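Residue numbers (my numbering), protein chains in the order written: chain R, 177 to 439; chain W, 177 to 439.
Hints were generated in silico from the structure; no laboratory data involved.
Be careful, since some hints might not be right.
Which copy? The list can't say, so a pair holds if one copy fits it or any two copies do.
As the list claims (entries may be wrong) - Here are the computed lysine-lysine pairs in the PhoX-like style, where the Cα-Cα straight-line distance is at most 25 angstroms:
| hint | residue 1 | residue 2 |
| --- | --- | --- |
| 1 | Lys211 | Lys327 |
| 2 | Lys294 | Lys270 |
| 3 | Lys211 | Lys404 |
| 4 | Lys262 | Lys211 |
| 5 | Lys197 | Lys270 |
| 6 | Lys387 | Lys351 |
| 7 | Lys387 | Lys211 |
| 8 | Lys310 | Lys262 |
| 9 | Lys211 | Lys310 |
| 10 | Lys387 | Lys341 |
| 11 | Lys211 | Lys351 |
The structure presented is a predicted model; accordingly, all values stated were derived computationally and were not measured.
2 protein chains.
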Amino acid sequence: MGILLKVAYDGTNYAGWQIQKNDITVHGVLHDAIKQILNGSDFSLLGASRTDAGVHALGQCVHLMPENLNIPVERLPYALNSVLPKDIAVLDSKIVSDDFHPIRDAISKTYIYKIWNKAYRNPLLHNYSAHISKGLDVELMQESCIHFVGKHDFAAFCATGSSVKTTVREIFSLKISNSNGLIEIFVNGNGFLYNMVRIIAGTLVEVGLGKINPNTIPAIIASCDRNKAGRTMPPQGLTLIEVEYNKPENGRQMPPIRSFDFL
Amino acid sequence: MGILLKVAYDGTNYAGWQIQKNDITVHGVLHDAIKQILNGSDFSLLGASRTDAGVHALGQCVHLMPENLNIPVERLPYALNSVLPKDIAVLDSKIVSDDFHPIRDAISKTYIYKIWNKAYRNPLLHNYSAHISKGLDVELMQESCIHFVGKHDFAAFCATGSSVKTTVREIFSLKISNSNGLIEIFVNGNGFLYNMVRIIAGTLVEVGLGKINPNTIPAIIASCDRNKAGRTMPPQGLTLIEVEYNKPENGRQMPPIRSFDFL
Numbered sequence: 177m178g179i180l181l182k183v184a185y186d187g188t189n190y191a192g193w194q195i196q197k198n199d200i201t202v203h204g205v206l207h208d209a210i211k212q213i214l215n216g217s218d219f220s221l222l223g224a225s226r227t228d229a230g231v232h233a234l235g236q237c238v239h240l241m242p243e244n245l246n247i248p249v250e251r252l253p254y255a256l257n258s259v260l261p262k263d264i265a266v267l268d269s270k271i272v273s274d275d276f277h278p279i280r281d282a283i284s285k286t287y288i289y290k291i292w293n294k295a296y297r298n299p300l301l302h303n304y305s306a307h308i309s310k311g312l313d314v315e316l317m318q319e320s321c322i323h324f325v326g327k328h329d330f331a332a333f334c335a336t337g338s339s340v341k342t343t344v345r346e347i348f349s350l351k352i353s354n355s356n357g358l359i360e361i362f363v364n365g366n367g368f369l370y371n372m373v374r375i376i377a378g379t380l381v382e383v384g385l386g387k388i389n390p391n392t393i394p395a396i397i398a399s400c401d402r403n404k405a406g407r408t409m410p411p412q413g414l415t416l417i418e419v420e421y422n423k424p425e426n427g428r429q430m431p432p433i434r435s436f437d438f439l
Numbered sequence: 177m178g179i180l181l182k183v184a185y186d187g188t189n190y191a192g193w194q195i196q197k198n199d200i201t202v203h204g205v206l207h208d209a210i211k212q213i214l215n216g217s218d219f220s221l222l223g224a225s226r227t228d229a230g231v232h233a234l235g236q237c238v239h240l241m242p243e244n245l246n247i248p249v250e251r252l253p254y255a256l257n258s259v260l261p262k263d264i265a266v267l268d269s270k271i272v273s274d275d276f277h278p279i280r281d282a283i284s285k286t287y288i289y290k291i292w293n294k295a296y297r298n299p300l301l302h303n304y305s306a307h308i309s310k311g312l313d314v315e316l317m318q319e320s321c322i323h324f325v326g327k328h329d330f331a332a333f334c335a336t337g338s339s340v341k342t343t344v345r346e347i348f349s350l351k352i353s354n355s356n357g358l359i360e361i362f363v364n365g366n367g368f369l370y371n372m373v374r375i376i377a378g379t380l381v382e383v384g385l386g387k388i389n390p391n392t393i394p395a396i397i398a399s400c401d402r403n404k405a406g407r408t409m410p411p412q413g414l415t416l417i418e419v420e421y422n423k424p425e426n427g428r429q430m431p432p433i434r435s436f437d438f439l
C-alpha cells in the first residue's frame with residue numbers, strides 16, 4: 177500500500193529535508209515518528225522535494241510505503257502529530273496507487289519567497305524572510321516576471337556543481353505581491369533546479385535595486401551562465417507551498433493537493 | 177534629554193520584557209546593547225508595557241534617558257540594531273520632552289491575539305499563535321465584541337493576585353478578523369490589566385466553542401469574578417502592536433507612533 181502524506185514544517189532548526197547521518201533533518205525526525213507509530217513494521221519514505229536547511233514547507237508531499245498499517249490511513253496525521261515536535265505537522269494522508277512516485281508524478285510545485293523590505297529588520301519574520309533594507313522597485317520586479325514564464329533552459333539559475341540530465345524547466349506562473357513592505361514572490365513550475373527559486377528571487381532583487389535591467393533577462397536566461405544571473409537569496413525566505421499530482425494515465429485521478437493559504 | 181525608542185521583538189526566547197536577575201529578558205538585552213553604544217555613559221530605561229514571557233512586540237515603546245549621547249538620535253536604531261540579536265530590533269527613535277513618562281502618558285495600546293483554527297497545528301505559526309483545533313464560530317465571536325467596548329470594571333478579566341489601584345479600564349475598539357483559519361483579535365484600549373487581553377481572547381474562544389453565550393458577557397463583566405470569564409490564552413498568540421501618545425497639555429504634540437502592519 178502507498179500513502180501520500182502532506183507535511184508542513186518550520187525549517188529553522190533542521191539541516192534540511194534529506195536524511196543525514198550526523199544532522200537532525202525533517203526526513204529523519206518524520207522517519208522516527210513513523211517508526212514509533214508503525215510499531216516496528218518496515219517502511220520506505222520518499223519526499224517530493226529536498227528542501228535545504230532553513231527552508232520551510234506547508235505542502236511537502238511524502239510517499240510512505242509501509243509493510244503493514246495497524247491504524248486507519250485517515251488517523252495517521254493525528255497519530256504522527258502526537259509524537260512529532262511542534263515545528264513539524266502532518267496535515268493530510270491519502271492512499272495512492274501502487275505505482276505512484278512522489279517525484280516522477282509531480283506535475284507542478286509552488287514556492288513562495290518572502291522579502292522584508294524596510295529599513296530595519298522585522299524580528300517576527302527573521303526566520304521566515306530575507307531582509308533587504310534598501311527600497312526595492314516592486315513594479316519593475318513585477319514587469320520582469322513575464323520573461324521567466326515558459327519553457328527555458330534555466331542553467332543560469334542553477335547552483336554550480338549540481339548534476340541533472342537537463343536544465344530545461346517550465347515556469348507556469350511567476351507573480352509578486354507587496355503588502356506594507358512584505359514582498360512575496362510566488363512561483364509555480366513543473367520542476368526546479370538546485371537553488372533555482374532562490375536565484376530567480378535574487379535576480380528579481382537586483383532588478384528592484386536597479387542593478388539589472390528587466391529587458392536583459394531574456395539574454396541572461398539565454399546565456400546559460402550562472403554568473404550573469406543575480407545572487408542566491410538566503411534559505412529562510414523560501415517556503416514550499418504545494419506539490420500537485422495528476423495522473424490520469426493509470427485511470428486514477430488524484431485530486432490536486434492544495435495547501436492552506438499562509439498569511 | 178529623553179528619547180523614545182520603538183522596539184520590536186520575537187518574545188519566544190525571552191523571559192518577558194522586565195529585567196530579571198537570572199533570566200534573559202528583552203529589557204536586559206536592550207540594556208546591554210545601549211550600554212555598549214553609549215560607551216559607559218549612565219542611563220535609565222523604562223518600557224511602556226511589561227510583556228510576559230513568549231509575548232511579542234512590534235511597537236513596544238521604551239523611554240531612554242542618557243546622561244550623554246555621543247551619536248545623533250536618528251542614528252540610534254542603526255547603532256543598536258548592529259549589536260542587538262536578530263530577534264530584537266529598534267525601529268525608531270525620537271526626542272521627547274523632559275517630563276515625558278512612557279507609562280503615564282500612554283493614551284492607548286493596541287494588541288493582536290492570533291489563533292490558528294484548523295484541525296492540525298501550523299508549524300510556521302507555532303510560536304506566534306494559539307492553536308484551537310475545534311472549529312470556532314467566528315461570527316458569534318464578532319457579535320460578542322460590542323459587549324467589551326466602553327469603560328468597565330474588568331476585574332473578572334484580571335489574573336488573580338495582581339495589585340492595581342483600580343480595575344476600571346476603557347476599551348475603545350475590539351475587532352476580529354478571520355482569514356483561512358487564522359483568527360486575529362485586535363484590541364485597543366486606554367490600558368490593560370495583567371493577562372486582560374489573554375483572558376478576553378479566552379472568553380471569546382469559549383463563545384466560539386458554544387460554551388459561553390454572548391448575551392451573558394455583560395453579566396460576566398458585572399460579576400467582577402475571574403472564575404466567570406474564560407480561560408487565559410497562552411502567551412505566544414499575543415503581540416503588542418502599538419502604544420499611542422498624545423500630550424497636548426505640555427504644548428508638545430507627539431505624533432501617534434504607528435507600528436507597521438504585520439501580515
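Each hint, compared with the structure:
1. Lys211 x Lys327: neither (41 angstroms within a copy, 56 angstroms between copies)
2. Lys294 x Lys270: Answer is between: at 18 angstroms across copies they meet the 25 angstroms cutoff, but 42 angstroms inside does not.
3. Lys211 x Lys404: Neither, since 46 angstroms and 45 angstroms both go past 25 angstroms.
4. Lys262 x Lys211: The answer is within: 18 angstroms in one copy meets 25 angstroms, while 36 angstroms across copies does not.
5. Lys197 x Lys270: neither (29 angstroms within a copy, 52 angstroms between copies)
6. Lys387 x Lys351: within (20 angstroms within a copy, 43 angstroms between copies)
7. Lys387 x Lys211: For Lys387 and Lys211, the Cα distance exceeds 25 angstroms both inside one copy (51 angstroms) and across copies (39 angstroms).
8. Lys310 x Lys262: Answer is between; shortest inter-copy Cα gap is 18 angstroms, intra-copy 35 angstroms.
9. Lys211 x Lys310: neither (48 angstroms within a copy, 28 angstroms between copies)
10. Lys387 x Lys341: Cα proximity of Lys387 and Lys341: none, with 32 angstroms in one copy and 60 angstroms across.
11. Lys211 x Lys351: neither (40 angstroms within a copy, 45 angstroms between copies)
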